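J.: What follows is each chain in one-letter form.
There are 2 protein chains.
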Amino acid sequence: MIMRSAVPTSFFKGDLYLTLILDGKEPAKKIIDELTLEVEHLKAKNILPTFCVIEVGEDPASKIYLRLKRKLAKKIGINEQTIKFPGDIRQDELIDKIKELNADPHVDAIMVQLPIPEHINTRLVLEAIDPTKDADGFTPYNQGRMWQGQVNIIPATVRSIMTILDYYQLNVEGKNALIIGRSIIVGKPVASQLLARNATVTIAHSHTRNLQELTLLNDIIISDVGRAHLITKNMVKPGSILIDVGMNRENGKLMGDIEYDDCLPIAEAITPVPGGVGPLTVANLMKQVIILTKLRHNYGN
Amino acid sequence: MIMRSAVPTSFFKGDLYLTLILDGKEPAKKIIDELTLEVEHLKAKNILPTFCVIEVGEDPASKIYLRLKRKLAKKIGINEQTIKFPGDIRQDELIDKIKELNADPHVDAIMVQLPIPEHINTRLVLEAIDPTKDADGFTPYNQGRMWQGQVNIIPATVRSIMTILDYYQLNVEGKNALIIGRSIIVGKPVASQLLARNATVTIAHSHTRNLQELTLLNDIIISDVGRAHLITKNMVKPGSILIDVGMNRENGKLMGDIEYDDCLPIAEAITPVPGGVGPLTVANLMKQVIILTKLRHNYGN
Numbered sequence: 246m247i248m249r250s251a252v253p254t255s256f257f258k259g260d261l262y263l264t265l266i267l268d269g270k271e272p273a274k275k276i277i278d279e280l281t282l283e284v285e286h287l288k289a290k291n292i293l294p295t296f297c298v299i300e301v302g303e304d305p306a307s308k309i310y311l312r313l314k315r316k317l318a319k320k321i322g323i324n325e326q327t328i329k330f331p332g333d334i335r336q337d338e339l340i341d342k343i344k345e346l347n348a349d350p351h352v353d354a355i356m357v358q359l360p361i362p363e364h365i366n367t368r369l370v371l372e373a374i375d376p377t378k379d380a381d382g383f384t385p386y387n388q389g390r391m392w393q394g395q396v397n398i399i400p401a402t403v404r405s406i407m408t409i410l411d412y413y414q415l416n417v418e419g420k421n422a423l424i425i426g427r428s429i430i431v432g433k434p435v436a437s438q439l440l441a442r443n444a445t446v447t448i449a450h451s452h453t454r455n456l457q458e459l460t461l462l463n464d465i466i467i468s469d470v471g472r473a474h475l476i477t478k479n480m481v482k483p484g485s486i487l488i489d490v491g492m493n494r495e496n497g498k499l500m501g502d503i504e505y506d507d508c509l510p511i512a513e514a515i516t517p518v519p520g521g522v523g524p525l526t527v528a529n530l531m532k533q534v535i536i537l538t539k540l541r542h543n544y545g546n
Numbered sequence: 246m247i248m249r250s251a252v253p254t255s256f257f258k259g260d261l262y263l264t265l266i267l268d269g270k271e272p273a274k275k276i277i278d279e280l281t282l283e284v285e286h287l288k289a290k291n292i293l294p295t296f297c298v299i300e301v302g303e304d305p306a307s308k309i310y311l312r313l314k315r316k317l318a319k320k321i322g323i324n325e326q327t328i329k330f331p332g333d334i335r336q337d338e339l340i341d342k343i344k345e346l347n348a349d350p351h352v353d354a355i356m357v358q359l360p361i362p363e364h365i366n367t368r369l370v371l372e373a374i375d376p377t378k379d380a381d382g383f384t385p386y387n388q389g390r391m392w393q394g395q396v397n398i399i400p401a402t403v404r405s406i407m408t409i410l411d412y413y414q415l416n417v418e419g420k421n422a423l424i425i426g427r428s429i430i431v432g433k434p435v436a437s438q439l440l441a442r443n444a445t446v447t448i449a450h451s452h453t454r455n456l457q458e459l460t461l462l463n464d465i466i467i468s469d470v471g472r473a474h475l476i477t478k479n480m481v482k483p484g485s486i487l488i489d490v491g492m493n494r495e496n497g498k499l500m501g502d503i504e505y506d507d508c509l510p511i512a513e514a515i516t517p518v519p520g521g522v523g524p525l526t527v528a529n530l531m532k533q534v535i536i537l538t539k540l541r542h543n544y545g546n
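In order, the protein sequence lines correspond to chains P and X. Anchor point for the first sequence: position 21 equals 266 in this note's numbering, and the numbering is continuous, going up by one each time. Anchor point for the second sequence: position 190 equals 435 in this note's numbering, and the numbering is continuous, going up by one each time.
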């Protein structure tokens, strides 16, 4: 469902071209509806998708995400189980618990809410998760397979960017895409997915010297930096696709990395913040839980 | 050891700047000498580095590489064992053999010479290799860890490009690097390594529409396409670093993707073909065999 004609905040350009607002709530709703139906089918076959979320210590931002995850899991019908540990848990205790969940036939998917306390090696904890139960797609095996073409289990934010491209039928083949940010959660994995779709991909970051030259050269900009006002209108080529993963709060107002109001009239398409990629991430996490559940039970994906 | 003053084919430019010829034979010799000494030390501790190379069927190009590998392993003192299978071996037989080698405490490193016959799934065969014995760095685990910062086991060609950058003290931080080609053997993994060194990285490929625009924008060009005359002098920015992984034969002459004679006077540094990256790959494969051996025996790396 293309929103070119239905978007209230669209702009008329010189050539009567409308800017596409890449709303994430509508495709998120579609995913949630599909998953709800799928879970019904699974339950009819006596399969109860079970998702274990491990929480270590008390991180205020994590609390908000965890509440969102729990609420959505419940709505879809997923059996979500939060396993809470105190912030001073030993690394080996945490890893032992993960191994126990790996071995538990009732558990379909596992995730560890990040960040975890600094005395624990995050890498070793994530590596302990069985790749066939890895809801977040952060295990080295799944990350390696992702670069080799695997698309089932990829970080939820990256799946959400791909969902937006699909939902709004934005073809990236042969286009130049600039990714700003090189985390293993967004920047690097989204590069793998855009390459798989035949985009020419540039990855920029804090050491990049000619960011404006790059933004003006590229047809697609994906920003995951977390700095308000990073991308201004003089940095954007007319007709660009702008996808904003940044989340910044300024004077109480939530905003992305891209100056939305200024860039909107220039762009072909742009994600709002909030309401763009954000609403999709939790829905896509649940989608991966269902994919893992179906794979484990040899139920056609 | 910088060769700026010692290179016979160097050119004087208007500003008396010399082009650096990135010869691979000299750093390869250095690696081989170091490994020979390391193997002596290992043997003194009763550790015999053992490297199993699996050959399936009869591929003429593979024969040449395998001979080179065997010869160099012998020179260094590595116990290289070639395991030959007929081209019609079943996939499960091949995977069973790999599992046997994984379990064999005398085996330190394993590689499967590619390509293997088409009735066998290359991915599943490579995945069967224990990542702690993965000499080529093609297992998903090692590829995933590579994107997360692991540098011990990476594809040998990629290690060779890094060797050249190190040996000739070419700092890539903050520079723009263009990689042409997106294989999991060269293009993608070299992107991971250049990002780790804080270069801004672009990956181009057969669907890239503005190759010349990109080559002219970038400070470093790494080409792994396999097409002679792909990069001509009008595509190269003065002062570029040109690394050519291409191997093409034209009228009996071996050449890379970059027009060497034409581009040499413009570049800051350039790899010859042959004699650039090529001589390093077998040496670096052996280096990874020794790294794996030392890790397995808890012998300090």
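No wet-lab data here; the hints were simulated from the structure. All values reported here derive from a predicted model rather than from experimental measurement. Among the hints, erroneous ones may be present.
Calculated lysine-lysine pairs in the DSSO-like style (CA-CA distance at most 30 Å, straight line) [as the list claims (entries may be wrong)]:
1. P/344 - X/319
2. X/308 - X/275
3. X/270 - P/344
4. X/482 - X/316
5. X/275 - X/288
6. P/539 - X/344
7. P/270 - P/319
8. P/344 - P/290
9. X/308 - X/290
10. P/482 - X/316
11. P/344 - P/320
12. X/320 - X/344
13. X/275 - X/344
14. P/288 - P/344
15. X/274 - X/290
16. X/498 - X/308
17. P/344 - P/478
18. P/275 - P/308
19. P/308 - P/290
20. P/344 - P/308
21. P/478 - X/498
22. P/342 - X/275
23. X/498 - P/344
24. X/308 - P/482
Below, a sample of chain X positions facing chain P; criterion: calculated Cβ distance under 7 Å [what the hints assert, rightly or not]:
25. 433
26. 457
27. 461
Away from chain P, derived, C-beta distances all over 12 Å, residues of chain X [said to hold, decoys possible]:
28. 364
29. 372
30. 389
31. 411
32. 458
33. 464
In this text, a Cβ means the ideal position worked out from N, Cα and C, and glycines have one as well.
J.: Against this structure, judge whether each hint is valid.
T.: Results of checking the hints against the structure:
Between residue 344 of chain P and residue 319 of chain X the CA atoms are separated by roughly 43 Å; this puts the pair beyond 30 Å, and the hint is violated. This hinted pair checks out: residue 308 of chain X and residue 275 of chain X have alpha carbons roughly 26 Å apart, not beyond 30 Å. With a CA separation close to 48 Å, the supplied pair residue 270 of chain X and residue 344 of chain P exceeds the 30 Å bound. For the given pair, residue 482 of chain X sits about 40 Å from residue 316 of chain X by alpha-carbon distance, which is inconsistent with the 30 Å threshold.
A C-alpha spacing of about 20 Å is found between residue 275 of chain X and residue 288 of chain X, which places the hinted pair at or below 30 Å, so the restraint holds. Of the pairs offered as hints, the one joining residue 539 of chain P and residue 344 of chain X holds, with about 28 Å between alpha carbons and a cut-off of 30 Å not exceeded. Taking the CA atoms of residue 270 of chain P and residue 319 of chain P, the gap is near 18 Å; set against the 30 Å cutoff, the hint holds. Our distance criterion of 30 Å between C-alpha atoms is met by residue 344 of chain P and residue 290 of chain P, whose separation comes to about 27 Å.
Note on residue 308 of chain X and residue 290 of chain X: the hinted pairing is violated, with a Cα-Cα distance of about 33 Å set against a maximum of 30 Å. Taking the CA atoms of residue 482 of chain P and residue 316 of chain X, the gap is near 55 Å; set against the 30 Å cutoff, the hint is violated. Simply put, residue 344 of chain P and residue 320 of chain P have alpha-carbon atoms about 28 Å apart, close enough for the 30 Å limit, and the pair holds. For the suggested pair residue 320 of chain X and residue 344 of chain X, the alpha carbons sit about 28 Å apart, so the restraint of at most 30 Å is met.
Pair hint residue 275 of chain X plus residue 344 of chain X does not hold up; C-alpha atoms about 34 Å apart against a cutoff of 30 Å. Between residue 288 of chain P and residue 344 of chain P the CA atoms are separated by roughly 26 Å; this keeps the pair inside 30 Å, and the hint holds. A distance of roughly 25 Å separates the Cα atoms of residue 274 of chain X and residue 290 of chain X; the hinted pair therefore holds under the 30 Å criterion. A distance of roughly 20 Å separates the Cα atoms of residue 498 of chain X and residue 308 of chain X; the hinted pair therefore holds under the 30 Å criterion.
Proposed proximity of residue 344 of chain P and residue 478 of chain P is contradicted: the alpha carbons are some 50 Å apart, above 30 Å. For a cut-off of 30 Å, the pair hint linking residue 275 of chain P to residue 308 of chain P stands: about 26 Å separates their Cα positions. Pair hint residue 308 of chain P plus residue 290 of chain P does not hold up; C-alpha atoms about 33 Å apart against a cutoff of 30 Å. Restraint check for residue 344 of chain P and residue 308 of chain P: the C-alpha separation of about 24 Å stays at or below 30 Å, so the hint holds.
For the given pair, residue 478 of chain P sits about 51 Å from residue 498 of chain X by alpha-carbon distance, which is inconsistent with the 30 Å threshold. In summary, the hint linking residue 342 of chain P to residue 275 of chain X is not supported, as the alpha carbons are separated by about 47 Å, beyond the 30 Å threshold. Distance hint between residue 498 of chain X and residue 344 of chain P is unfulfilled; the C-alpha atoms sit about 57 Å from each other, more than 30 Å. At roughly 51 Å between alpha-carbon atoms, residue 308 of chain X and residue 482 of chain P are farther apart than 30 Å, so this suggested pair is violated.
This hint holds: residue 433 of chain X has a C-beta 5 Å from the nearest C-beta of chain P, less than the 7 Å allowed. With a cut of 7 Å, the hint placing residue 457 of chain X at the interface with chain P is violated, because the nearest CB-to-CB distance is about 13 Å. Because the closest C-beta pair between residue 461 of chain X and chain P is about 11 Å apart, greater than 7 Å, the hint is violated. Every Cβ of chain P is farther than 12 Å from the Cβ of residue 364 of chain X; the closest lies at roughly 20 Å, confirming the non-interface assignment.
For residue 372 of chain X, the non-interface assignment is contradicted: its Cβ lies about 9 Å from the closest Cβ of chain P, within the 12 Å cut-off. For residue 389 of chain X, the requirement that its beta carbon stay farther than 12 Å from each beta carbon of chain P is not met, with the minimum near 3 Å. Distance check on residue 411 of chain X: its Cβ is at least 18 Å (rounded) from any Cβ of chain P, clearing the 12 Å threshold; non-interface status holds. A beta-carbon of chain P comes within 12 Å of the beta-carbon of residue 458 of chain X; the shortest separation is about 7 Å.
Interface exclusion of residue 464 of chain X from chain P breaks down, the closest Cβ pair being 10 Å apart, not more than 12 Å.
Consistency note: the structure conflicts with the earlier hints numbered 1, 3, 4, 9, 10, 13, 17, 19, 21, 22, 23, 24, 26, 27, 29, 30, 32 and 33.
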